[in-house]
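Engineer: In case you want the letters, here they are:
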Amino acid sequence: MSTILQGGPHAGPRAASNPVLSIKDLRVSYTTGLGTVNAVDGVSLDIGAGEIFGLAGESGCGKSTIANAVMRLLQAPAKITAGSIDLNQCNVLTLSDEELRRTRWRDMSMVFQSAMNAMNPVMTIGEQIMDVFTTHEKMPKKEARERAAHLLSLVDIKADRLKSYPHQLSGGMRQRVVIAIALALNPSLLIMDEPTTALDVVVQRDIMAQIKELQQSLGFSVLFITHDISLMVELSHRMAVMYAGRLVEVAPSNVLLDDPLHPYTTALMNAFPPLSGPRTELLGLPDAPPTSAGRPSGCSFHPRCPLAMDACRIQDPVLRPAAENHDAACLLVPEFVVPPERLAQ
Amino acid sequence: MSIPSRFETVHGTRAQSLVQVRNLSKDYHSGSFPFRTTVPAVKNVSFDIGQGEIIALVGESGSGKSTIARILARLEQPTSGSLILDGEDIFATQKRKASMAYRGKVQMVFQDPFGSLNPAHRIEHFLVRPLLLHQGPAGTNELRAKVRELIAAVGLDEAMLERYPHQLSGGQRQRVAIARALAAEPEVILADEPTSMLDVSVRIGILNLMRRLRDERGVSMLYITHDLASARYIADKTMVMCAGELVEGGESLELMANPHHPYTRLLLSAVPDARGANRAPGTAGPGGHYTSPAGPSQRVQLTDSHWALDYPSAR
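Here the protein sequences come in this chain order: A and B. Take 566 as the starting number for the first sequence in the working numbering and just add one per residue. Take 87 as the starting number for the second sequence in the working numbering and just add one per residue.
One thing to keep in mind: the hints can contain errors.
If you want a taste of the chain A side facing chain B, the calculated C-beta under 10 Å gives, among others [claimed, not checked]: (1) 642; (2) 736; (3) 771; (4) 773.
Using C-beta positions, here's what the derived DEER-type ranges look like [stated by the list, open to error]: (5) 733(A) x 185(B): 33 to 39 Å; (6) 583(A) x 301(B): 55 to 61 Å; (7) 378(B) x 711(A): 35 to 41 Å; (8) 243(B) x 880(A): 27 to 33 Å.
For the record, the hints were derived by calculation from the structure and aren't laboratory data. Treat the numbers as computed from the prediction; the structure is a model and nothing was measured. Even for Gly, the Cβ is constructed at its ideal location relative to N, Cα and C.
Whenever a hint applies, use it, and build me the whole structure from the sequences.
Structural biologist: Next up, the structure:
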């Protein structure tokens, strides 16, 4: 395995040999009176042990649907029509209710977007954390309280806050508590669905630093979902860009930052005003209305793509290697062929 | 491609101030005797908004920036201080007519386009209503022409008029909210975090629209945000607010190139900047909080337009 990157152990190869999470050709559809929408349309990805994997895309592209599918939280009208989800080599989709109950939180846990709504307003922080221990570990109350205090200290909150109610904490603190609850049973996978979207930049920066620190000390894997690609580049080892239910580009974060291949990734990268240099006009992306059943012919990005050619309207590009450790789904990107001398090795 | 020269001319000719905010303070009270506490949300804030100027007011949650917007929109009464629009002290008169006239001149765009448009009405309704309220009765044809003009001004298709809010994306909804504000033909638009609920990819479109409306119609804007990068992108001047106080102000480019106040630097360091030269991927910068040092502060003038608070005792 060669790494073209200087980064950590996970910055290189596309898939770790023993992935914590392995999604193969996942398809999820929502059936409504107006027709069927393929919210997730054949997504495959692997997340290695101790890897922070970023999933970026706009609202409605299907990224939260993937998260909910992994947690088995999807409800009608959503339906998983094909594919498999393996967590530690165990198929999540075929688990019985009892097995699922044991897997959730112990093996995988989730941090939701709005911390205020994720917590019970009439229970103290302490009760909500202890709930995890008493339910899953059958732990006596006294010990659970000690563990809860320890968990809070992990996220830099004083133990006397155990008696506080959610509304007595600031938005940033609430999100920290939710992260602490998610880490209570030391899961191997933590799913974070836009954990900082409701927070301001200063708090966001703190929380990101905290996640990074906890991940390094505890070693869990992260599936991190956001629409803010600049944030993700700073946090994740490897990331995927999602558009209209499909992955359009997958690469290590710094490769994606320096050398984005898909026009959509480039557009997302260029959507941020810089903090230095001359003030130049940015174009962003044309606004896209929420997608109903209709999917454009050919490449689904072509109506908004600045580089669209005639062929894009007809031919549907597939995700294929575009360079070493770098996949892209665009007709403009030539397929990468492994040099023959490498094959011989 | 550089942005039209308007940026320079605004400062070159020293735009005439349209809105003058003087010594504005707002205290919030909570609890009742004997546990009554007073929280000062805005402390002695003064600034001007010039004709056709975009001013950014930047600060984190709880810094008091939205309180200022709400006072300027007359949704709140200040504890003390004055607000002068076109030479008239607004809080001196309490007459309904005067307040109506004020609302015709100052309009607000709210943060949440999902909450600010009534889901039971079609888009057309949101534009017809302010037209009737602020422009007086008009013939159907005239009204229709004005609605069409408004929807085109914010870059939306006429077909949108027939739709309901849920059929629009967040960016499109925020455009409708801006069109609604424009319907009153205001002199000032107060935009309270108009892009923070939107996808990053469509934020630029809204910012470009705001700047275009300023250029074409000469409407002044107060842009409230916690994102310094976007303030730098559209605002002529930026003011930084910390715990109810303005701590630094100046022309946006100058202020962000040479930030003086520690809080401004903290805000700058918190902006995710993928292209930042010295920030490698995978390294989130240091977090931190800032509290103003105790003791007196003084205002230092750094350049003609750039000033900041300094704390001599903390040195």
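Engineer: Evaluate each hint against the coordinates.
Structural biologist: Right, here's what the structure says about each hint:
| no. | hint | verdict |
| --- | --- | --- |
| 1 | 642 | violated, 17 Å |
| 2 | 736 | holds, 7 Å |
| 3 | 771 | holds, 3 Å |
| 4 | 773 | holds, 4 Å |
| 5 | 733(A) x 185(B): 33 to 39 Å | holds, 37 Å |
| 6 | 583(A) x 301(B): 55 to 61 Å | holds, 57 Å |
| 7 | 378(B) x 711(A): 35 to 41 Å | holds, 38 Å |
| 8 | 243(B) x 880(A): 27 to 33 Å | holds, 28 Å |
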